[in-house]
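Following the hints, complete the assembly by docking chain B onto the known chain A.
Residue numbers (this note's numbering), protein chains in the order written: chain A, 562 to 775; chain B, 562 to 775.
Possibly wrong hints are sitting among the right ones.
In this list, chains with the same sequence are indistinguishable; a pair is considered to hold if it fits within one copy or across any two.
[Claimed, not checked] Listed below are the simulated DSS-like cross-link pairs for lysine-lysine, each with C-alpha atoms no more than 27 Å apart in a straight line:
| # | residue 1 | residue 2 |
| --- | --- | --- |
| 1 | Lys631 | Lys642 |
| 2 | Lys641 | Lys744 |
| 3 | Lys684 | Lys714 |
| 4 | Lys775 | Lys635 |
| 5 | Lys701 | Lys774 |
| 6 | Lys716 | Lys599 |
| 7 | Lys774 | Lys702 |
| 8 | Lys594 | Lys631 |
| 9 | Lys775 | Lys714 |
| 10 | Lys684 | Lys701 |
| 11 | Lys684 | Lys774 |
The set of hints was computed from the structure by calculation and includes no laboratory data.
Protein chains: 2
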Amino acid sequence: MKGISSAVIRRLPRYYRYLDELLENDVVRISSKELSEKMNVTASQIRQDLNNFGGFGQQGYGYNVEYLYKEIGKILGLDKKYNLIIIGAGNLGQALANYTDFERRGFYLSGIFDVNPRLIGMKIRGIEVRLIDELEEFIKKNPVYIAALTLPKTKAPQMAAQLVRFGIQAIWNFVPTDLHLPKDIVVENVHLVESLMHLSYNLKAVQEENQEKK
Amino acid sequence: MKGISSAVIRRLPRYYRYLDELLENDVVRISSKELSEKMNVTASQIRQDLNNFGGFGQQGYGYNVEYLYKEIGKILGLDKKYNLIIIGAGNLGQALANYTDFERRGFYLSGIFDVNPRLIGMKIRGIEVRLIDELEEFIKKNPVYIAALTLPKTKAPQMAAQLVRFGIQAIWNFVPTDLHLPKDIVVENVHLVESLMHLSYNLKAVQEENQEKK
Numbered sequence: 562m563k564g565i566s567s568a569v570i571r572r573l574p575r576y577y578r579y580l581d582e583l584l585e586n587d588v589v590r591i592s593s594k595e596l597s598e599k600m601n602v603t604a605s606q607i608r609q610d611l612n613n614f615g616g617f618g619q620q621g622y623g624y625n626v627e628y629l630y631k632e633i634g635k636i637l638g639l640d641k642k643y644n645l646i647i648i649g650a651g652n653l654g655q656a657l658a659n660y661t662d663f664e665r666r667g668f669y670l671s672g673i674f675d676v677n678p679r680l681i682g683m684k685i686r687g688i689e690v691r692l693i694d695e696l697e698e699f700i701k702k703n704p705v706y707i708a709a710l711t712l713p714k715t716k717a718p719q720m721a722a723q724l725v726r727f728g729i730q731a732i733w734n735f736v737p738t739d740l741h742l743p744k745d746i747v748v749e750n751v752h753l754v755e756s757l758m759h760l761s762y763n764l765k766a767v768q769e770e771n772q773e774k775k
Numbered sequence: 562m563k564g565i566s567s568a569v570i571r572r573l574p575r576y577y578r579y580l581d582e583l584l585e586n587d588v589v590r591i592s593s594k595e596l597s598e599k600m601n602v603t604a605s606q607i608r609q610d611l612n613n614f615g616g617f618g619q620q621g622y623g624y625n626v627e628y629l630y631k632e633i634g635k636i637l638g639l640d641k642k643y644n645l646i647i648i649g650a651g652n653l654g655q656a657l658a659n660y661t662d663f664e665r666r667g668f669y670l671s672g673i674f675d676v677n678p679r680l681i682g683m684k685i686r687g688i689e690v691r692l693i694d695e696l697e698e699f700i701k702k703n704p705v706y707i708a709a710l711t712l713p714k715t716k717a718p719q720m721a722a723q724l725v726r727f728g729i730q731a732i733w734n735f736v737p738t739d740l741h742l743p744k745d746i747v748v749e750n751v752h753l754v755e756s757l758m759h760l761s762y763n764l765k766a767v768q769e770e771n772q773e774k775k
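If we strip away everything but chain A, and leave its shape as in the complex, we get (with noise of 0.2 Å):
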């Protein structure tokens, strides 16, 4: 699996929705061509980006569904289980805990921690809000190696230090902040103000073309 490029890693989760909707709807193959109309990207990327896992396509045949979606789940690691945490249970925690969609793809929910006693033994979806403190003895008895963050940027950068301490691997950042971490820890950073800033940028650029038409 070494030496893909990250842009091709970062494809397989859209090519994993679509097979996912293709089996939904009992299609049990596909050529290049049928998938690059769905996907708006070129037969030939869809050729090469799924070279680099060893083909799975048949020529005159194309693609099987089911073995292809399972492949790319092996790839992105979907075939295992994972329990997963949420820091922070306010809005965002809150949307994050009731998203029943991660559960499909093997992501459990196992708890929620949050500083504000306030917001203790509120239950979404079963799972009881517990207080940070009890952090360190929950992970110890519960194997969680995912940590959704979605805390005060000031508390974020202590939180994850903590986190990993404890042992936690991986953390999906949705604080508007860059984590420092050791280097074999994962971070994946959802900037919400950013992926705004950019649709900015590109409706700034539509309505200048828009004004240069008139």
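Relative to the frame of chain A, chain B by itself:
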């Protein structure tokens, strides 16, 4: 501004965020070397990126933080104010509505809409949730170009098409599906499940490496 790679554009919001932090800490100027250490990218990348927009730096002086912050802000279209509506007042829609960081960047929430009559009248930061039927009338009275979409997958394509008919120019799409819209409509996707899959891929790689070391 044409011909700038999308990778550079994607990096600009991060520069903007760091410059904002420097401003908050009353830093007046910074060298590309200092900035590179903070941001964990090479100084030459920083110089290259910023040269795309005419430089802003002066030999021996470095960058004027406030000037650079404002210039990047202009490039990103953040010198204007935008009204934003949210379609879908579920957990994620509510979380977005409560996110005050957006306003700091010039994105003002002006309306929240849902199909569920039970949510109608609920207020989030003073803004009432309205029935989706009022959308067309609302947009006529309150010019708004950006809509955040937090709906179930099945309802999203139709709603997106409707939003475009009503004059929306940019969709911030949180629905795990690709929207097929006219070319001059900006779509910025936040695919949370795909982000989690990417985390999973990296977690698997780290775990395999740790296994090999043993």
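**Request:** Could you place Lys716 and Lys599 in one of the four classes (within, between, both, neither) given a Cα distance threshold of 27 Å?
**Result:** between (43 Å within a copy, 19 Å between copies)
**Prompt:** At most 27 Å between C-alpha atoms: does Lys641 with Lys744 qualify within a copy, between copies, both, or neither?
**Reply:** within (23 Å within a copy, 39 Å between copies)
**Request:** Using 27 Å as the alpha carbon limit, work out where Lys631 and Lys642 are close: within a copy, between copies, both or neither.
**Result:** within (14 Å within a copy, 46 Å between copies)
**Prompt:** When no copy is named, should Lys684 and Lys701 be tagged within, between, both, or neither for a Cα gap of at most 27 Å?
**Reply:** Intra 22 Å, inter 41 Å, cutoff 27 Å: intra-copy only.
**Request:** Tell me, please, which holds for Lys701 and Lys774 at an alpha-carbon limit of 27 Å: within, between, both or neither?
**Result:** between (63 Å within a copy, 23 Å between copies)
**Asked** 27 Å Cα cut-off: does Lys684 pair with Lys774 within a copy, between copies, both or neither?
**Response** Neither: 54 Å inside a copy, 41 Å across copies.
**Message:** I want to check one pair: Lys774 and Lys702. Are their C-alpha atoms no more than 27 Å apart within a copy, between two copies, both, or neither?
**Reply:** Classified as between: cross-chain Cα gap 26 Å, same-chain 64 Å, threshold 27 Å.
**Prompt:** Between copies, within a copy, both or neither: which fits Lys775 and Lys635 at Cα up to 27 Å?
**Reply:** Classified as between; 23 Å across copies, 52 Å inside a copy.
**Item:** Identical-chain pair category, Lys775 with Lys714, by Cα at 27 Å
**Value:** Neither: 44 Å inside a chain and 36 Å across chains, both beyond 27 Å.
**Request:** Give the relationship of Lys684 and Lys714 under a CA distance limit of 27 Å: within one copy only, between copies only, both, or neither.
**Result:** Both: 25 Å inside a chain and 26 Å across chains, each within 27 Å.
**Request:** Using 27 Å as the alpha carbon limit, work out where Lys594 and Lys631 are close: within a copy, between copies, both or neither.
**Result:** within (20 Å within a copy, 46 Å between copies)
In this structure, the hints that do not hold are numbers 9 and 11, in rising order.
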